[in-house]
Amino acid sequence: MATLALGVWSSPEVCAREAAGAHIDVTATRLPDAIAELSREAHVSIGTDGPLPAIPTRPLHGVLTVGDALARLLAGSGYRARQVGETAWRIEHVPAPQAPVPSEPRPVEHVAPPETAFGPPIIVTATKQPLELSVLPAAVSVVSAFGIGHDDPRRSSAAVAGQVDGLALTALGPGRNRMFLRGVADSAFGGESQSTVAVVLDEARLTYAAPDPDLRLVDIQRVEVLKGPQGSLYGTGALGGIYHMVSHQADLDESSLTLTGGGSMAAHGENGYSGSAVANVPLLPGTAGLRLVGYMAQEPGWVDTGTRTNGNTTQVTGLRGLLGIEPVSGWRIDVTGLGQWIASRDSRYVYDEHSYSRPAQLPEPHDNDLTHLAGRLTGKLGDIDVMLATAMTWHDVGDTLDATIGADDFGIADPKLLIDKRDYRTWDSELRLRGHLGGIGWLAGLSHLDARQSLDTTLQGMAGESLVVDADHRDSHDTAAYFDVTVPLLTHLSLDGGARLFVSSIRDTRQLDSGKVAEEQDKSGVTPSLALAWQPHDGRLIYVRYGSAFRQGGTMIGQDGTVQTLKGDELSSVEAGWRETLAGGGQLDLGGWYSHWDDVQSDVLEDNGLITTTTAGDARILGVEGSLDLPILRGWRAQAGANYTDARLTRNALGYRLEDSRLPVVPEYTARLALRHDFTLGALAVWAQLGGRYVGPARMSFDPALDRDMGDYIESNFELHVAHGQWQVALTAQNLLGDKGNVFAFGNALRYRTMAQYTPQGPTTIFLSASLTM
6 MATLALGVWS SPEVCAREAA GAHIDVTATR LPDAIAELSR EAHVSIGTDG
56 PLPAIPTRPL HGVLTVGDAL ARLLAGSGYR ARQVGETAWR IEHVPAPQAP
106 VPSEPRPVEH VAPPETAFGP PIIVTATKQP LELSVLPAAV SVVSAFGIGH
156 DDPRRSSAAV AGQVDGLALT ALGPGRNRMF LRGVADSAFG GESQSTVAVV
206 LDEARLTYAA PDPDLRLVDI QRVEVLKGPQ GSLYGTGALG GIYHMVSHQA
256 DLDESSLTLT GGGSMAAHGE NGYSGSAVAN VPLLPGTAGL RLVGYMAQEP
306 GWVDTGTRTN GNTTQVTGLR GLLGIEPVSG WRIDVTGLGQ WIASRDSRYV
356 YDEHSYSRPA QLPEPHDNDL THLAGRLTGK LGDIDVMLAT AMTWHDVGDT
406 LDATIGADDF GIADPKLLID KRDYRTWDSE LRLRGHLGGI GWLAGLSHLD
456 ARQSLDTTLQ GMAGESLVVD ADHRDSHDTA AYFDVTVPLL THLSLDGGAR
506 LFVSSIRDTR QLDSGKVAEE QDKSGVTPSL ALAWQPHDGR LIYVRYGSAF
556 RQGGTMIGQD GTVQTLKGDE LSSVEAGWRE TLAGGGQLDL GGWYSHWDDV
606 QSDVLEDNGL ITTTTAGDAR ILGVEGSLDL PILRGWRAQA GANYTDARLT
656 RNALGYRLED SRLPVVPEYT ARLALRHDFT LGALAVWAQL GGRYVGPARM
706 SFDPALDRDM GDYIESNFEL HVAHGQWQVA LTAQNLLGDK GNVFAFGNAL
756 RYRTMAQYTP QGPTTIFLSA SLTM
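Going by our numbering, the first residue of the sequence shown is number 6, and it counts up by one from there.
Read the hints as simulated data drawn from the structure, not as lab findings.
Pair ranges (Cβ atoms, derived):
#, residue 1, residue 2, range
1, 276, 357, 21 to 31 Å
2, 701, 663, 13 to 23 Å
3, 459, 388, 38 to 48 Å
Using 30 Å as the maximum straight-line C-alpha spacing, the simulated DSS-like pairs for lysine-lysine come out as follows:
#, residue 1, residue 2
4, 521, 426
5, 421, 521
6, 521, 572
7, 572, 426
8, 572, 528
A quick note: this is a predicted structure, and the numbers were derived from the prediction, not measured.
For every residue, glycine included, the Cβ atom is placed at its ideal position computed from N, Cα and C.
Required output: the full structure, derived from the provided sequences and hints.
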């Protein structure tokens, strides 16, 4: 009796893509995993006559039909693939050779895939081991390239945040934002404290204390957002979760080239453009290959300052190279080098609500430059999977503020500009082993991270004089050993436990009037995790999870002018979740959590306009969220999601009375809805999607003198994609309703205490693009 292993809902778009071939990226190295990944990538059903052997397979990369991809995976295996429907395939044993027997020709039988088949598995790697989402006892959202724009340089972390419940960003502008997950928000102000969300590319951490680098998602396979504290796997700073980008690796066998270009037009603002190129070249077929990615975009400005119109134009340029080498069978070396440069001509805040203009003032440009080099070795030693990786990231961030108002206390007559320059260096290395011992799955690793950050803030006067008003250098180190074990308890019940044993240190050097002062802290400890998962049948998972994380403390300058050390903060969380795979390819996710946060470190705004770090107290966070992805009619699909977060201080250590104990930045509730239709027009494969998202109210600061209301606005968008052969054309419209809601109530720290500031939603913008794949 044949067993259907995998399946997806079919659509005319899938059929059209299969006829012409589509970009396939299968990285699994064992046949069953590779077949599952192909089914997910190509959106087809693949059935088997019983279990497949776990024989080695080569990765697949390039533009292939499903038939060609299956033929390559099954070559020499004793199996073959037969198409039994428009989007259905069956894998069968190759029959033994027999003498030909004359017979009448028989017509080919076409069998449509069952409508009740489960969807193809979604593989998550942010857990540091490939696990199917359907069995993963943790809250995670996966946004595929198909949903975020495969080669569109305008798509960034803000686009992902619009699709992931519980993910929030500040809105200073590209390359300046802080990222928060599940209400774990310490401050809206960008100080020196370590980020609560770790931004990771493949196997390397990109950031430590820097703002979100806003890496554009060109040729990124998917983004995985792992929610809740992840200290047992990622160590210091992963209080809120992980933002993990998975890139396409170099194909060693197939050449390909994809060119994309487009232009935009804003209702209030200038025109924009973008373009990208993705090329894959086998250097030595089967052994070495090179993948090159380049992109550039000009994002229209829409804020007028005096007579200077559309001042906040942003230029984005990026390059990425990926070299893949398989020196011997079963082992692979991957080297990645990338650079991205963001330059904004001006800031985007205004002084009147629902406005796109402000009085004349000096320009406030911003730069965010990221350079990254990484190497990775993967292979097997017997039955043990081995991964060794190391990476270095150079990240330079520069901001300039108009200082003609609010900078009188520093001692310079007629202040002009405040120039803030921050340099970040992160070196991340890891050795990881994974295998099975009987029915027990295990993961173990060693890691070391060095992070350095330097801050120099200089005030310039109208006459050209300058004064250093803040200077700080911080070195952080974290060395750890970690493990994770999954033990089956009963037929449908399993227990997953892990822990990270760490030793960390931080050395802070500050420049005071009396000279340089250095403070050093050391800490060691354990951050555990534990999860109980019940899977009564395929497609249903109910779990309870405990997680924890630790963040290193920093320093602050006390009221007496001395440097004081801050105790690091710790967060623990208990969550429960229910994940259901629905018949027809839909999915339901429900979850709730309670988090306790000790000694919250918060960046606060001082009277002089500079930002320092202090201990705010203790906090607790309660939240519930849910998402639904559901096919409703043939060719129609609905997506919905909602989140409610109640995050409050329970112990106040700020030294002043709180009027509102809510944590800053994170909206109390959000809700989103999208409706998509797939259809054909002759030889054209078309899909259209209309979406909307409501972002609830949020606040800026604990300090009543600085607090501002924000949020309470609606985002709206429309997308239309048309594909024919090697060509694709896309039309995108953002902010269809033309709303000017206040997305962020902050812009210039020097002026913040004396005047209201608003950041309106960007105007209605239409973008048209076309891409060619060869």
